[in-house]
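Novice: Protein sequence lines, in the order shown, are assigned to chains Z and G. Residue numbers are given in our numbering: position 583 of the first sequence equals residue 583, and the series is strictly consecutive. Residue numbers are given in our numbering: position 188 of the second sequence equals residue 1188, and the series is strictly consecutive.
By construction, these hints were calculated from the structure, which means they are not laboratory data. Quick caveat: nothing in here was measured; it's all calculated off a predicted structure. Please note: incorrect hints may appear among the correct ones.
Stated by the list, open to error - So, partial list: chain G residues that the calculated Cβ filter (under 8 Å) puts toward chain Z:
#1 I1020
#2 R1080
#3 D1081
#4 Y1084
#5 R1220
#6 D1224
Unchecked claim - Pair by pair, the computed Cβ-Cβ distance ranges are:
#7 Z:D830 <-> G:Y1050: 31 to 37 Å
#8 G:K1156 <-> Z:S651: 41 to 47 Å
#9 Z:A486 <-> G:E1076: 31 to 37 Å
#10 G:K1058 <-> Z:W94: 46 to 52 Å
#11 Z:E398 <-> G:T1232: 40 to 46 Å
#12 G:E1076 <-> Z:E106: 43 to 49 Å
#13 Z:E398 <-> G:A1051: 25 to 31 Å
#14 G:L1239 <-> Z:R675: 55 to 61 Å
#15 G:P1138 <-> Z:R374: 46 to 52 Å
#16 Z:L652 <-> G:K1058: 22 to 28 Å
#17 G:P1138 <-> Z:K299: 58 to 64 Å
#18 Z:E413 <-> G:S1152: 55 to 61 Å
#19 G:Y1050 <-> Z:E9: 54 to 60 Å
#20 G:Q1261 <-> Z:D830: 24 to 30 Å
Heads up, the beta-carbon is just placed ideally off N, CA and C, and yes, glycines get one too.
Chain by chain, the residues run as shown.
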Amino acid sequence: MAFKDYNCEKTGRITRLIEHLYVDMPHVEADRGVLITESYRETEGEPVIARRAKAFRHILENIPIVIRPEELIVGSSTVHPRSCQVFPEYSFEWLEAEFDTMEHREADPFCIDEDTKKKLHEAYQYWKGRTTSELATDYMAPEARLAMEHNFFTPGNYFYNGVGHVCVDYEKVLKIGYRGIIKEATEELAKCRVSDPDYARRHHFLNAVIMSCQAVIDYAHRYAALALKQAAECADSARKEELTRIAHNCENVPENGARSFYEACQSFWFVQQLMQMESSGHSISPGRFDQYMYPFFKKDLENGKITPDFAQELIDCIWVKLNDLNKIRDVASAKGFAGYSLFQNLIAGGQNTEGLDATNDLSFMCMQASLHTRLPAPSLSIRVWNGSPQQLLLKAAEVTRTGIGLPAYYNDEVIIPALLSRGLTMEDARDYCIIGCVEPQKAAKTDGWHDAAFFNMCRPLEMVFTNGVDDGVQVGPRTGDVSSFATFEDFCNAYRTQMNYFIGLMVNADNAIDVAHAERCPLPFESSMVDDCIARGKSVQEGGAIYNFTGPQGFGIANIADSMFAIRELVFKSHKYTLKDFKEALADNYGEGSTPSDEDVVKLTAIVAEKMKENGLTPTAADIETICRTIKAENPGGNSKYKALREDILSLPKYGNDVPEVDSLAREMAYTYTRPLQTFKNPRGGIFQAGLYPVSANVPLGAQTGATPDGRLAHKPVADGVSPSAGNDTHGPTAAANSVSKLDHYIASNGTLYNMKFHPSALSGRQGLNNFVALVRSYFDQKGSHMQFNVVSRETLLDAQKHPENYKSLVVRVAGYSALFTTLSRSLQDDIINRTEQGGF
Amino acid sequence: MEKSFAETTGRIFDIQRFSIHDGPGIRTIVFLKGCRLRCRWCCNPESQDYAIQEMIDKNGKITVTGRDVTAGEVMETVLRDSTYYRRSGGGLTLSGGEMLCQPDFAKALLMLGVDSDISTAVETTSFASFDTIEQLLPYIDHYLMDIKHINSEKHKAFTGQSNELILENAAKIAKRAAHMVVRVPVIPGFNDTPAEISAIAQFAAGLHNVHELHLLPYHRLGQDKYTMLGRTYTLPDILPPDKAQMETLVLEAQKSGLSVQIGG
Chain Z
1 MAFKDYNCEK TGRITRLIEH LYVDMPHVEA DRGVLITESY RETEGEPVIA RRAKAFRHIL
61 ENIPIVIRPE ELIVGSSTVH PRSCQVFPEY SFEWLEAEFD TMEHREADPF CIDEDTKKKL
121 HEAYQYWKGR TTSELATDYM APEARLAMEH NFFTPGNYFY NGVGHVCVDY EKVLKIGYRG
181 IIKEATEELA KCRVSDPDYA RRHHFLNAVI MSCQAVIDYA HRYAALALKQ AAECADSARK
241 EELTRIAHNC ENVPENGARS FYEACQSFWF VQQLMQMESS GHSISPGRFD QYMYPFFKKD
301 LENGKITPDF AQELIDCIWV KLNDLNKIRD VASAKGFAGY SLFQNLIAGG QNTEGLDATN
361 DLSFMCMQAS LHTRLPAPSL SIRVWNGSPQ QLLLKAAEVT RTGIGLPAYY NDEVIIPALL
421 SRGLTMEDAR DYCIIGCVEP QKAAKTDGWH DAAFFNMCRP LEMVFTNGVD DGVQVGPRTG
481 DVSSFATFED FCNAYRTQMN YFIGLMVNAD NAIDVAHAER CPLPFESSMV DDCIARGKSV
541 QEGGAIYNFT GPQGFGIANI ADSMFAIREL VFKSHKYTLK DFKEALADNY GEGSTPSDED
601 VVKLTAIVAE KMKENGLTPT AADIETICRT IKAENPGGNS KYKALREDIL SLPKYGNDVP
661 EVDSLAREMA YTYTRPLQTF KNPRGGIFQA GLYPVSANVP LGAQTGATPD GRLAHKPVAD
721 GVSPSAGNDT HGPTAAANSV SKLDHYIASN GTLYNMKFHP SALSGRQGLN NFVALVRSYF
781 DQKGSHMQFN VVSRETLLDA QKHPENYKSL VVRVAGYSAL FTTLSRSLQD DIINRTEQGG
841 F
Chain G
1001 MEKSFAETTG RIFDIQRFSI HDGPGIRTIV FLKGCRLRCR WCCNPESQDY AIQEMIDKNG
1061 KITVTGRDVT AGEVMETVLR DSTYYRRSGG GLTLSGGEML CQPDFAKALL MLGVDSDIST
1121 AVETTSFASF DTIEQLLPYI DHYLMDIKHI NSEKHKAFTG QSNELILENA AKIAKRAAHM
1181 VVRVPVIPGF NDTPAEISAI AQFAAGLHNV HELHLLPYHR LGQDKYTMLG RTYTLPDILP
1241 PDKAQMETLV LEAQKSGLSV QIGG
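Bound-form chain G, shown alone:
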């Protein structure tokens, strides 16, 4: 049985070791390729399309993004840092893209993580059928769920999808997850007013057993990659929120009773 998990194939575009902002401790993030949302601020635009793509940098150098791998191969890299996980309480984090777009592969990776006794985490939009999510929950220690906006129309305008399924899933997941954290990318012009953040915080506080809210300030670090993919970055003029603004939003969100922090 175990052998078949190791042989499960999937498509990733990166493995990042020594990640310290996505779940507890020192972690290795596996970025799965493909996502059903098209968030306009996405810092990993190469994650969105499932297809393997070429990226051309300003010097004309071509790199291929995306490769097909087995879960076993991925784990070989992930487990190289086992000592660090043991010392820090860290482990494997699945991110994307959206790991729920490759549920079999995600499940294989999570089960192999559990087998190796390392902590498992996912970063997800939860935009998938609850059945798909439910079968993964037993293998996830930390469920980091993005909630970007409470207003469905605005959500659709900026991410390409409405938010009903997401919010519905949030309630169900909260009841079953071992540990759930709600994360909000704070995007100027989209959701960075106190009222919008407050609405998300109120929603999160109403979820079963959810106590933590992370506000992730917008950054432009992925901007160059749009050009490299031959795409246009549609948020060229917005600036990252400054520290003072972030602190105001934290104070606002704290009114919900949640523990709120800046960054993951």
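Okay, chain Z solo, but in the shape it has when bound:
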């Protein structure tokens, strides 16, 4: 066998590093924001790429550096652990507006002290009118902005932040160092002739690359000096030796190629950290760590220079460091990305460029590191194919069993052909890694723009019922009075028309943002590690990468499938209801009434007041109060006819239960998003490709969605990824997985996300692990693309006792007996909770 599972122990150092990480709440720090502003003020009028490089250098020369207690791998972007810097070049107004609320907000709170607020407020004076988000807004078509205001889609991620979503050429840095990359750029520069048509751009770009790489080398040397200083002051001889070693490492890497596994780890870390200093883009993904790190491990091991235990400790240290990085998002995005996640996806296993299995010792050590640290980062993934060793999958299943929600499983048998269909070579497709949540790309050659927008597939369906009108505004096309559709096909066509229109607007918004990034925030450091930027003489943002994509994701497949099925059955087959009945029931939220949020009440009141003013009336305070009251009371609900309609809808079969008629509709409806999207092009010379996953945006975006014909009430979450609607899959995991596998996962080449919940008893013992692996492999045999698991914990079951409505489909299986948890009596539920505690019988 070509690989070994050393199963090393966790060291006390790792426990203490983790404790240190979580002693305090995350902070917002001012240094980067202040430094970039200083630099930009000095470089006014220079070419943007030069300004970016100078700013990056200025930051790295001056930002405070710290070595945390007991660290073996160094490089921290903030003084406080788990804290963040800010990036005003992308956007800043939201952050300033949230200065006083961010500490107490529900999702991902941050501390910010008064001094930081003051410094940032001062820096922000410079940025008005200079950010990517302001330029992008100018570039967008008015109708696209309108559609965004009405919550059809949100490109929020890249609108307000850097793009990120890349896996750069770690391998190259490990091998030749930034000195080697500077040499490449210098050679290209030598080839430039002043008479070349693109001389200006190329020349400035290559110089910016050289300056950025040198800045990183100098930054590492700052760390070398700090480590030496601390070593000199250190009384503990063991730590003194460690610090001296750290200093030697930082002297050599990432400037030069790594000479040992330890140096490779340190070199890797500087790349990973500083990519997140250049830009605020998240999902900076380490990719195939087990592959590019392996040669260093193997050589050291063969030469007796390293023990597996020490190698494991170094990997564990990297795992901890990945959790030291953080990012602040606006309050709405924080809800969508809840959990401070940076989506640094790291993948193990899978095939090599020749199509052979590439599992090695480090693949196992990556799993072991997640078992040791049990932290959210990295987003650990595993590639699975027909030739994956069972031993690796069993190890992955062990990690799954801990309940940390990792690893995610990816299917080579779908992803490789999907990437081939998008123009990758066979070698590149076989060498894919995963970015962020679920998005496949070939590392070091791709600008995938993988998380380009969230598109809510339910909103265009609402427009079919309102003839394109939302909140009194004509935002969508007029597809006709919904009562006039004579056939189900007419109804579906109206939906397709609405979809096509809003997809086009989303493309407009994405492309506007794309251009804004190229013009205002090209990234020379990132571009130094993505082919073929140096040879093409342009940044990633200007189309320097070999493969260019834009991948916005649709979500709500399950709601659309169930809605269409309900309409076909109840309107066009049984004729029990008319489309008009549906229209009225949806407007009435199925007789449940709607309680508009305070925010909505304020918004609607403002609209009414505005209308009054337009008509020459000046609303008094008393008028405003009356309007508010009317809006609040507008929809008391209680219409029993609509409740009956909803009962009929809920009794129909639903997506997620292996019912062919529903599943085939789900497949068709997914195509209404995936097919039109792939016809569009982006400004970097690439195409759009669909993803079907929501991160956790299905909850906040669902809150902005009215009732849907699948019986979902207004403002409730929309279905998650390609998963069935919560609680609707009542026939167990195989039936649900069969349904999900009926979708076309190849065309959704930006990734699909399938979340499955599991009770730990299903994973107990060796047989449990084997069955679990069989479940994954079987879903993949049927051409599903991705799977991740939430193992139901004791806490989950306790929550299910408190909120049974959220856990309608939670099945517990104990010794040959299965039951819907929420239907059991309290004492029996307690029995099960006790069993869960014991690890299940």
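With chain Z held as given, fit chain G onto it using these hints.
Specialist: Coordinates of chain G only, in the frame set by chain Z:
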């Protein structure tokens, strides 16, 4: 010939997919309705009576338990998970109730399973004439047989039937079955002493070619269903055995030389 098997009708009360505790791999259990035993701890009381019954939950909602189906219909559902069986070595498990109460239907299902090249298993009390059992054996890969007590009187007191026929059949089946596992529901106050478990283990170890014993700890998960059927649960006060007790019983049973595990 095959067509007639698919058309054989029978009465079931549930089909449970992704079952992982009743035979190897990922399996689909078909629960046949009707049983001649009346085990007081039975977690599926709706399985006992052959008649189609109504169950009324605490909110007054009525569900009907039991439906008549053809073997072909059942197999259509069972074969939906063929991929999972292939990957895990799983397949079809017949349970109940007691599948031996509907031998023609059981035989049809097992033969259709064999035709589809999936693994077949049964969970049974073996309380039937050996002739009835014998005709099914060629189509069963895994014979999971319950032995609840060696003492016939106690057996009768808790299950409504004495155990002579069961023990007699066990010996005959062991000689003919492809693979047989003995399973013991561990019920506090009935058979949960080391001596009682030891007696069962000794008996099982004496059977031809039997190497495995599964101890299934009592659970109360079916308790609510007695109320829903308008019946009284006669073991309201016993608690499931704890892990320590189960481990003691495992050690005791292992003295027989069998491989012993908790759960299926």
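Novice: Is the interface hint satisfied for G:D1224? The criterion is a beta-carbon contact with chain Z at less than 8 Å.
Specialist: 5 Å, holds
Novice: With 31 to 37 Å as the target window, see if Z:D830 and G:Y1050 comply at their CB atoms.
Specialist: 34 Å, holds
Novice: Confirm or reject the claim that G:Q1261 and Z:D830 have a C-beta distance inside 24 to 30 Å.
Specialist: Holds, at about 25 Å.
Novice: Lying within 46 to 52 Å: is that true of the beta-carbon distance G:P1138 to Z:R374?
Specialist: Holds, since G:P1138 and Z:R374 (Cβ atoms, about 51 Å apart) stay within the stated range.
Novice: Confirm or reject the claim that G:L1239 and Z:R675 have a C-beta distance inside 55 to 61 Å.
Specialist: 58 Å, holds
Novice: Does the Cβ distance between G:Y1050 and Z:E9 fall inside 54 to 60 Å?
Specialist: 58 Å, holds
Novice: Do the numbers back the hint for G:R1220, that is, is its least Cβ distance to chain Z under 8 Å?
Specialist: 6 Å, holds
Novice: Has the hinted range 41 to 47 Å been met by the Cβ atoms of G:K1156 and Z:S651?
Specialist: 45 Å, holds
Novice: Is 55 to 61 Å respected by the C-beta to C-beta distance linking Z:E413 and G:S1152?
Specialist: 57 Å, holds
Novice: Cβ-Cβ distance between Z:E398 and G:T1232: within 40 to 46 Å?
Specialist: 45 Å, holds
Novice: Restraint: G:I1020 near chain Z, CB-CB cut 8 Å. Satisfied or not?
Specialist: Hint on G:I1020: holds, closest Cβ of chain Z at ~5 Å, below 8 Å.
Novice: Could one say that the CB atoms of G:P1138 and Z:K299 fall in the range 58 to 64 Å?
Specialist: 59 Å, holds
Violation of the numbered hints given earlier is confined to hint 13; every other hint is satisfied by the structure.
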